[in-house]
Every structure is written in structure tokens, then in C-alpha cells.
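Q: Letter by letter, the chains look like this.
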Amino acid sequence: MNDSLTTKYLQIQGVAQSFKTQKGVFQALRDIDLNVAKGEFVALIGHSGCGKSTLLNLIAGLTQPTEGNLICANREIAGPGPERAVVFQNHSLLPWLTCFENVYLAVERVFGASDRVSGRASENKAQLKARTEAALHLVGLDHAAQKRPGEISGGMKQRVGIARALSMEPQVLLMDEPFGALDALTRAKLQDELLTIVANTRSTVVMVTHDVDEAVLLSDRIVMMTNGPAATIGEVLHVDLPRPRSRVELAEDSRYLAYRKAVIDFLYTRQAHVEKAA
Amino acid sequence: MQDLLRKVLAPLMGLGLLVLLWAMVALKSSNNFPSPLETFQQAVTVFSDPFYSNGPNDQGVGWNVLSSLKRVALGFGLAALVGIPFGFLIGRFDFLSRMFNPLISLLRPVSPLAWLPIGLLVFKGANPAAIWTIFICSIWPMVINTAVGVQRVPADYMNVARVLNLSEWKIVTKILFPAVLPYMLTGVRLAVGTAWLVIVAAEMLTGGVGIGFWVWDEWNNLNVKNIIIAIFVIGIVGLVLEALLIRLATAFTFEDVKQ
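First to last, the protein sequences are chains A and B. Just so it is clear: in the first sequence, position 23 is 23 by the numbering used here, and no numbers are missing. Just so it is clear: in the second sequence, position 178 is 456 by the numbering used here, and no numbers are missing.
FYI, nobody ran anything at the bench for these hints, they're computed from the structure. Backbone N, C-alpha and C define an ideal beta-carbon position, used for all residues, glycine too. Please note: incorrect hints may appear among the correct ones.
Here are the simulated BS3-like pairs of lysine-lysine, each with C-alpha atoms no more than 27 Å apart in a straight line [to be verified]:
| hint | chain 1 | residue 1 | chain 2 | residue 2 |
| --- | --- | --- | --- | --- |
| 1 | B | 348 | B | 402 |
| 2 | A | 8 | A | 38 |
| 3 | A | 129 | B | 448 |
| 4 | B | 348 | B | 448 |
| 5 | A | 125 | B | 448 |
| 6 | A | 189 | A | 147 |
| 7 | B | 306 | B | 503 |
| 8 | A | 147 | B | 306 |
| 9 | A | 189 | A | 261 |
To give an idea of the chain A side of the interface with chain B (calculated C-beta under 10 Å), a few residues [stated by the list, open to error]:
| hint | residue |
| --- | --- |
| 10 | 86 |
| 11 | 92 |
| 12 | 145 |
| 13 | 165 |
| 14 | 270 |
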């Protein structure tokens, strides 16, 4: 059982998802089978509309699959919960709370009450405050703790979103194009930070992205999805690059370039995106 | 300098134009329409003692304004007490929204004064009837705006609540209430505006003490100068109410909801 927990920490079995629309039933996903090991970093990549965010929402428990099962740590995913923290595409910070309060809200929810399952006692205010400060420190935002989201840049907001997710010490960290809305330089900086954080926390991560370099740089495995409707997993690529990884060194690494080429081939040759005629 | 010209001179010129037109009308008019100067002199007298009281039918302008404000505050306060929670319920539950929307659509366009006789019948008194009229006319903007605010809480925020698994109490206090507050305050602002419009008309019909009654009383006395003063007073009080509520609304509006 221990072994199955390490290699199959997150199990997705025969999952299909369809939505009822005004034009009838729309099938977004079909036949998704995927296992994620503990501590693994998996990227979901595909063209827009291929259902990669739909799959992430299923793992988060925000939606329920039409068919199939999702299992996390040997338990069926019945709904959303703090053990599967989500970093949303558009940060989703509450604008009326300071950065500190945004993170504290999550920390308080997870650690402010005793947990019957793990037998963990509830923590006091000082401990919760320390956890919040530690999370903000992790993303380098000690100085912005008392600022509201409206007063900080997009990159900083996204970092608070990551701090909020990490502060819950989730079993799985789910990221939905977390850096999609940022400029290239900020994105690179945050990717590097994420690499360090993930190495330190040994988090299990599932990240949705449409950026080839991001996928190769960050992940252990890249799950490439076919075009929708009725998208499924087209190919899985193991990225066997040593860690810690450095963006600068990898830029000329032949293996890195080969992985990159493989993903680009899949995305632009075999799954060349055809805009649907309206 | 240019700024000064735009910000100070332009409004002053507008005001000057009004006074000029008024003076011309007063000059041409044959039926003793008071000139701006006469009215101003009268205003000085009226405001030199705004809080005199010679029995219920002869009180200073200050008392009249305060009585009107008291009625508005009561009617409006009751409407907020009922309307805002009601708006939350309608916004949160689709069934209630479908249940009450036709009723609201039917009752909202009714002129507030049409409710006055019902108030007189039920409450058997002029004062409660006026408050009732204020209540009924100021409840709709608050119900509707609060409901719309709840329906427009961004899905992202609700997803955050779901992922964090927040309790219903935390959802209401940390997410719903702050997100809805700007919409709610817009409703409050519209409601106060309407209430202030309606109170003058209602008081003309019910009598007693109040700025609307004062206007009617001065008409019966053929004291046109005081009527004009009353018009200015009503305008200024309305302006101040509006400005205060806009201040309040901006203080509680945050980046992502400012639209």
C-alpha cells in the first residue's frame, strides 16, 4: 500500500466530463487515465479549449466527473478542500483584505481548528500568525503583508496566491496557468522561485500551462492533451533533467532542446490547432 | 490657473445664469414674483431664527427640515432593515428570485404617493402614513441592488471559498458582504434620493410639520419668497445627503469591484 501511495498518490481513472449546453451535450473530456506520484511535478499542456482547466477543476473537486473516478491519497475526491489547494489563473485574492489577511484566512481555516483525521490539535493565534508570515516570506513578500491586492503588481498578487495555497500545506498543489497573465520577465522570475519552493517543500504539483518552456523547465512529466471537443491525453513525456535546474544552463542543453522540440511537435504538427468555423 | 477657471468659475457662471434668468422673470412678471434680492433678504430673516416654534403650524425652517429628515430616516431605516436582508436572500436563492421578481416588477413602478391612502387607511394617522410611503418607495432600490450584487459576486471568490471550505458565516462576512457592499450602497444612495423627493410631496398631502408642508403652507399664505427659499433648502439637503453617501460608498469600494 505504501508503494501504491508513492507512485499513485493521485489517481485519475477513466474520467469523462460533459456539460449540458443550449445546443445539447458538449463532451469536454473522455478516457482520462493518469497517476501522479507523491512529490511529482506534472504539467498539463494543450491548446486553449482542450479541457486542461476542466481536468484541473475535477482534481480540485470544484466539478464532478460525468464518468470515472478521481482518488487522492486513497480517498475519492468528493468536493473541493484545502488538502488540494488551487492557485487560480487570476490570483483570486479578496480585494478588501490585505495580503496578510488573505493568507491568514486560509491558514486559520486549516490550522485554526483541530483535525480529527490526523489528530492534530488546533493552533493558537500566534502560531497561525507565524505560519502566515512564513508563507509570505517564502514568496518574498514580507514587506507587502499589510498592503491590499489593489496596491501591488500582478506578479506580487500571483505570489500571494501561491503563498496562500502553500500555507495550507496541501497534499497536492493545483495551478491553473498561474503565470499566464504576467509579462515574460516576471513569469521567468516566478518560475525560478516556484522551482526553489517546490524543491524545498517537496510538493506534489499539477500545473496547467500553454507555455512549452515553462512545462519543460518545471515538470517531471508533461501530459499533452489532444484538441477538444472530447479531448484526452495524447502523449506523456518524461522530462529527465537533473534538479536543481537552471534556466540559463538549460537554454543550450541538448536534452532540454529535444524535450522542447517533442512538445512543440505534438502541439503544432500533430495537434495543430484548427479554429472552429463559427 | 486653467484648473481654477474650470473648477470654480464654471459652476459660478451656471449659478449666475440662474439668478439672471430669475431676475428677468421677476422684472417682467406682473403677479409679484419676488426678485433674487428680495428673496435673499427674506432668507436672511428666515435663517436668523430657524428654530422658533409658535405652535404646530408655525415653526422655524430648521424644525421643518429636521422633521422631514426624521421621517425619511425612519422610513428609510425600516426599508434598509427589511430590504437589504431580503435582497441577500433573493440574490442567493434562485427560487426566491423567481418567486419575487414578478411582484417587484409590478410594484416598483407605482408612484409612491399612490401608497399614501393605503398608509392612511392602515395606520390611521398622517405621520405613520408618510413614513410608510417613504418605506415603500425606498425599499425597491435596496432590494434590487443588493440582489444584483449578490448575483454578481465573482465566481472566483466563491471558488476560493469552496477550496478553502469556509464556513457559511465566513463566506458571508469575508466574501459576500464586502463584495456586495458597493452595490448595496448604490441602492442606499438611490433610495435616499427617492425618499427625499417623496417626502416633500407626501407632506404636502398629510400636513403637520415638515419642509413639504411648509411649502404648501407658504403657498396658502401667498408667500412666494419662502417657497423659493424652501426649494433651495430642499435642493441643498438632497445634495448633502447624496454627497455623504457617495463618500461612504467610495470608502468601501475596492479595486476589483470598482467598475
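Q: None of the hints should be skipped; say for each whether it holds.
A: These are the hints, each one checked on the structure:
1. B:348 x B:402: 19 Å, holds
2. A:8 x A:38: 7 Å, holds
3. A:129 x B:448: 18 Å, holds
4. B:348 x B:448: Roughly 35 Å between the alpha carbons, so the hint for residue 348 of chain B and residue 448 of chain B is violated.
5. A:125 x B:448: Holds: residue 125 of chain A and residue 448 of chain B sit about 17 Å apart, inside 27 Å.
6. A:189 x A:147: 21 Å, holds
7. B:306 x B:503: Holds. Residue 306 of chain B to residue 503 of chain B sits at ~17 Å (cutoff 27 Å).
8. A:147 x B:306: 63 Å, violated
9. A:189 x A:261: Status holds; Cα separation ~23 Å.
10. 86: With Cβ-Cβ at 5 Å, under 10 Å, it holds.
11. 92: 4 Å, holds
12. 145: With a closest approach of 17 Å, the residue 145 of chain A hint is violated.
13. 165: 9 Å, holds
14. 270: 33 Å, violated
Going through the hint list in order, the structure does not satisfy hints 4, 8, 12, 14.
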